[in-house]
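From just these sequences and the hints, can you work out the full model?
There are 2 protein chains.
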Amino acid sequence: MRVIRIGILGFGTVGEGTYRMLVDNADEVFAKTAARFEVKRVGVRDLTKPRSISQDLITDDLKSIVTDPEIDVVLELMGGEEPANKMVQLALENGKHVVTANKELIAKHGSRLINFAKDSGLDLHFEAAVGGGIPVVQPLKHQLAGNDVIKIMGILNGTTNYILTQMEEQGADFADALAEAQVKGYAEADPTADVDGFDTMYKISILAAISFGKQIPLEKVHREGIRSVSAADMHYAKHFGYKIKLLGICEETGEGEVLVRVHPTLVPLEHQIARVSGVYNALWLHGDFVGDLMFSGRGAGADPTASAVVGDLIDVARNVVAGGNGSAIPYGEGMQVAKMGDLETRYYVRFEVADRPGTLGEIATAFSRRQVGLAQMEMITKTGGLGEIAFMTHVCRESDFGTAIQEVARLGSVSKLEGWFRVEE
Amino acid sequence: MRVIRIGILGFGTVGEGTYRMLVDNADEVFAKTAARFEVKRVGVRDLTKPRSISQDLITDDLKSIVTDPEIDVVLELMGGEEPANKMVQLALENGKHVVTANKELIAKHGSRLINFAKDSGLDLHFEAAVGGGIPVVQPLKHQLAGNDVIKIMGILNGTTNYILTQMEEQGADFADALAEAQVKGYAEADPTADVDGFDTMYKISILAAISFGKQIPLEKVHREGIRSVSAADMHYAKHFGYKIKLLGICEETGEGEVLVRVHPTLVPLEHQIARVSGVYNALWLHGDFVGDLMFSGRGAGADPTASAVVGDLIDVARNVVAGGNGSAIPYGEGMQVAKMGDLETRYYVRFEVADRPGTLGEIATAFSRRQVGLAQMEMITKTGGLGEIAFMTHVCRESDFGTAIQEVARLGSVSKLEGWFRVEE
Numbered sequence: 001m002r003v004i005r006i007g008i009l010g011f012g013t014v015g016e017g018t019y020r021m022l023v024d025n026a027d028e029v030f031a032k033t034a035a036r037f038e039v040k041r042v043g044v045r046d047l048t049k050p051r052s053i054s055q056d057l058i059t060d061d062l063k064s065i066v067t068d069p070e071i072d073v074v075l076e077l078m079g080g081e082e083p084a085n086k087m088v089q090l091a092l093e094n095g096k097h098v099v100t101a102n103k104e105l106i107a108k109h110g111s112r113l114i115n116f117a118k119d120s121g122l123d124l125h126f127e128a129a130v131g132g133g134i135p136v137v138q139p140l141k142h143q144l145a146g147n148d149v150i151k152i153m154g155i156l157n158g159t160t161n162y163i164l165t166q167m168e169e170q171g172a173d174f175a176d177a178l179a180e181a182q183v184k185g186y187a188e189a190d191p192t193a194d195v196d197g198f199d200t201m202y203k204i205s206i207l208a209a210i211s212f213g214k215q216i217p218l219e220k221v222h223r224e225g226i227r228s229v230s231a232a233d234m235h236y237a238k239h240f241g242y243k244i245k246l247l248g249i250c251e252e253t254g255e256g257e258v259l260v261r262v263h264p265t266l267v268p269l270e271h272q273i274a275r276v277s278g279v280y281n282a283l284w285l286h287g288d289f290v291g292d293l294m295f296s297g298r299g300a301g302a303d304p305t306a307s308a309v310v311g312d313l314i315d316v317a318r319n320v321v322a323g324g325n326g327s328a329i330p331y332g333e334g335m336q337v338a339k340m341g342d343l344e345t346r347y348y349v350r351f352e353v354a355d356r357p358g359t360l361g362e363i364a365t366a367f368s369r370r371q372v373g374l375a376q377m378e379m380i381t382k383t384g385g386l387g388e389i390a391f392m393t394h395v396c397r398e399s400d401f402g403t404a405i406q407e408v409a410r411l412g413s414v415s416k417l418e419g420w421f422r423v424e425e
Numbered sequence: 426m427r428v429i430r431i432g433i434l435g436f437g438t439v440g441e442g443t444y445r446m447l448v449d450n451a452d453e454v455f456a457k458t459a460a461r462f463e464v465k466r467v468g469v470r471d472l473t474k475p476r477s478i479s480q481d482l483i484t485d486d487l488k489s490i491v492t493d494p495e496i497d498v499v500l501e502l503m504g505g506e507e508p509a510n511k512m513v514q515l516a517l518e519n520g521k522h523v524v525t526a527n528k529e530l531i532a533k534h535g536s537r538l539i540n541f542a543k544d545s546g547l548d549l550h551f552e553a554a555v556g557g558g559i560p561v562v563q564p565l566k567h568q569l570a571g572n573d574v575i576k577i578m579g580i581l582n583g584t585t586n587y588i589l590t591q592m593e594e595q596g597a598d599f600a601d602a603l604a605e606a607q608v609k610g611y612a613e614a615d616p617t618a619d620v621d622g623f624d625t626m627y628k629i630s631i632l633a634a635i636s637f638g639k640q641i642p643l644e645k646v647h648r649e650g651i652r653s654v655s656a657a658d659m660h661y662a663k664h665f666g667y668k669i670k671l672l673g674i675c676e677e678t679g680e681g682e683v684l685v686r687v688h689p690t691l692v693p694l695e696h697q698i699a700r701v702s703g704v705y706n707a708l709w710l711h712g713d714f715v716g717d718l719m720f721s722g723r724g725a726g727a728d729p730t731a732s733a734v735v736g737d738l739i740d741v742a743r744n745v746v747a748g749g750n751g752s753a754i755p756y757g758e759g760m761q762v763a764k765m766g767d768l769e770t771r772y773y774v775r776f777e778v779a780d781r782p783g784t785l786g787e788i789a790t791a792f793s794r795r796q797v798g799l800a801q802m803e804m805i806t807k808t809g810g811l812g813e814i815a816f817m818t819h820v821c822r823e824s825d826f827g828t829a830i831q832e833v834a835r836l837g838s839v840s841k842l843e844g845w846f847r848v849e850e
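As they're listed, the protein sequences go chains G and H.
Okay, so the first sequence: first residue is 1 according to my numbering, each after it adds one.
Okay, so the second sequence: first residue is 426 according to my numbering, each after it adds one.
FYI, nobody ran anything at the bench for these hints, they're computed from the structure.
Do not rely on the hints blindly, as some may be mistaken.
Below, a list of computed lysine-lysine pairs in the DSS-like style, where the Cα atoms sit at most 27 Å apart [to be verified]:
no.	chain 1	residue 1	chain 2	residue 2
1	H	K543	H	K663
2	G	K86	G	K108
3	G	K40	G	K86
4	G	K118	H	K543
5	G	K238	H	K663
Stretch-level coverage of chain G by chain H, calculated; a stretch enters the list once three of its residues show a Cβ under 8 Å from a Cβ in chain H [said to hold, decoys possible]:
no.	segment
6	131-137
7	203-213
8	286-299
9	309-318
Positions of the beta carbon are idealized from the N, C-alpha and C atoms, including for glycine.
Written out as structure tokens, the structure is:
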């Protein structure tokens, strides 16, 4: 019987979950691989923290793990850019297969690391980096690989989807919904990575790199979080027949050029992705042959993430047992990224206005000067001689829309541009 | 540049779609594999039928294709048990990798063929056999392989889901909905394979074999089609908060024992799978670590099926280019299959009754004698002194429920057992 020796870097919830799954489902794993996994070393930052595993396994010398000649596979479950990047590189240089759940690492250094693994005949898998337990990374590399992928839209962050769902169902404002999510453990004390869209940016960039063949320069990804979404926007969106979701979106905009973006988005109520609530994640994609596809499930948490890590480990084990040459699937660097100004879509926008005759006419005229057609409108009267107007536009160019709303905001009858969001149908 | 030579068996819609995808997306495929595919021979039954490809490629001598020393990969796209079974076996014996879309072949002969491929260092892939373009077969073998799969439920046949959706939306009866589906090309002139549940049976049996590790003896799979579903059942189901879907279901019922079944099923309106309409397919599964997952998309048709076939071909090509040892993932034979009588679930049942005092009491008493608790009830008065009563039961044993409804049907106040279905929550 083949024994495959594992070194784990990082023993937070995902590390613990993976360890537990390897123990609990050892027979399941053996049946699939004809191999047994043995966790040989676990690398942590803080040696003094109490752990659920034998103290003998634990070290804070990560380098001793990735260079240990007895270790076959390194599981990188620390997260963050460094020292993960250096340790994974070193592990590969030392002939170890690598499985990682680290979206930031792959989004920033995937191309270099995967190519290095491929050239070294090693596996480098990262199913857990996107969508938690939902199989999306490998299906894009394998079962869907023959398609020209036209577009991908994903709810890729459970924390923000939970907050938006609470806002929508309870009419709560962002700050209150965030506070509640923090109390329940769905959001961290410093929620920036989630609510400002970094997490989603890394994930959609990885999917774009796999689908379109080149790593995405992250500085060219348009990224907006959900802090700007208000209970009022939720209300108008619903009135117009939409929900507001934080989506990661990538699409081909021309030969060898893609647009990658993360922002709160109005999605029609009847779209499958609008029905994904709470901490669930979902990925919708359209390929030229496969048509529309949708995957949904638990995108985070110890157990679903462990499911993906162990799935990757099983593939590594099969490859090791079969004496294979490594199955990393590389992509290049330097993807051309389109400008947001060239986006053509529908928009939602809301203004605070003077509640007096002529206001609507002035606004509509200002929009029409920039070729922005209005499709739906909702007006309410507020106190103090003020009102509120929300519009849905027809499809127009983002640069035209941007100019138009600035011009509208300067009208005498308009006191404030309250907010605006993009729409996906 | 590596050229991989393909022989195609069968050139119906799937064969043509696959050929078209290989031509249209040749650059996509090359980018993923560093190989070019060349279709060398196409085997058909009827040489005189006009074809969209060069007559030079075509032969009706299938054996000449699977034994051709210049062919690297055989695509089996004929469907049906024979001659597909003999030809795939012969192809493997002649050292060819095989990709097939044939659910009947894999459900009946998968274990033998996959083991033969594995032992010969060859690939045998069949992603297209279940769920058309939706990646389900390979994700179960790879990304989800570490899970103890608890249950799988699938809408795996687009024809029956289209018919049921029409019945539900238009109040049509089965015969009318079938006729309309035939006119639109969604159902075949002989609809047996679809409407009597054979297609779904093959597919759920394949998923069960992968998930639980042994081929399912098909004669032990409980199979019911949708001919027994009426507009009246649709109406009552909706009243109780359910839709009726033809589901393939497999679940572990004990150590090394599974229950595999195909039947019309009441599914709660709020369940994700209830929202899958028309020709779309969906797969819902629950694994011990991954939790709930759902995949949906186009489960049939030339293009989605081609997507899955070409995805498999890309994996074969990568393996050939890398000099790999074959990546077929075998399973055994002789799965223990549980008896339907031991199933415990809720049930829906409808009777025609005498519209007179005492009827309801007699029925309720008869049910209670068999420990079948009633949860919901709907009664209407018909003409001629008759009425109709529909019930939803609490969870009970199928054998008790079966005895109870036979006893109820024999009551003097009951004129007819109109129909009954199982429920999944």
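Hints, one by one, checked against the model:
1. For the proposed pair K543(H) and K663(H), the alpha carbon gap of about 48 Å is over 27 Å, so the pair is violated.
2. For the suggested pair K86(G) and K108(G), the alpha carbons sit about 13 Å apart, so the restraint of at most 27 Å is met.
3. Between the alpha carbons of K40(G) and K86(G) the distance comes to roughly 21 Å, so the proposed pair stays at or under 27 Å and holds.
4. Between the alpha carbons of K118(G) and K543(H) the distance comes to roughly 24 Å, so the proposed pair stays at or under 27 Å and holds.
5. A distance of roughly 26 Å separates the Cα atoms of K238(G) and K663(H); the hinted pair therefore holds under the 27 Å criterion.
6. Counting residues of the segment 131-137 of chain G whose beta carbon lies closer than 8 Å to any beta carbon of chain H gives 3, which meets the minimum of three for the stated coverage.
7. Beta-carbon proximity to chain H at under 8 Å applies to 1 residues in the segment 203-213 of chain G; the threshold of 3 is not reached and the given coverage is violated.
8. Taking a C-beta to C-beta cut-off of 8 Å, the segment 286-299 of chain G contributes 12 residues in contact with chain H, enough for the three needed, and the coverage statement holds.
9. Requiring three or more residues with a Cβ within less than 8 Å of a Cβ of chain H, the coverage given for the segment 309-318 of chain G holds, as 7 such residues are present.
In the structure shown, a violation is registered for the earlier hints numbered 1, 7, in ascending order.
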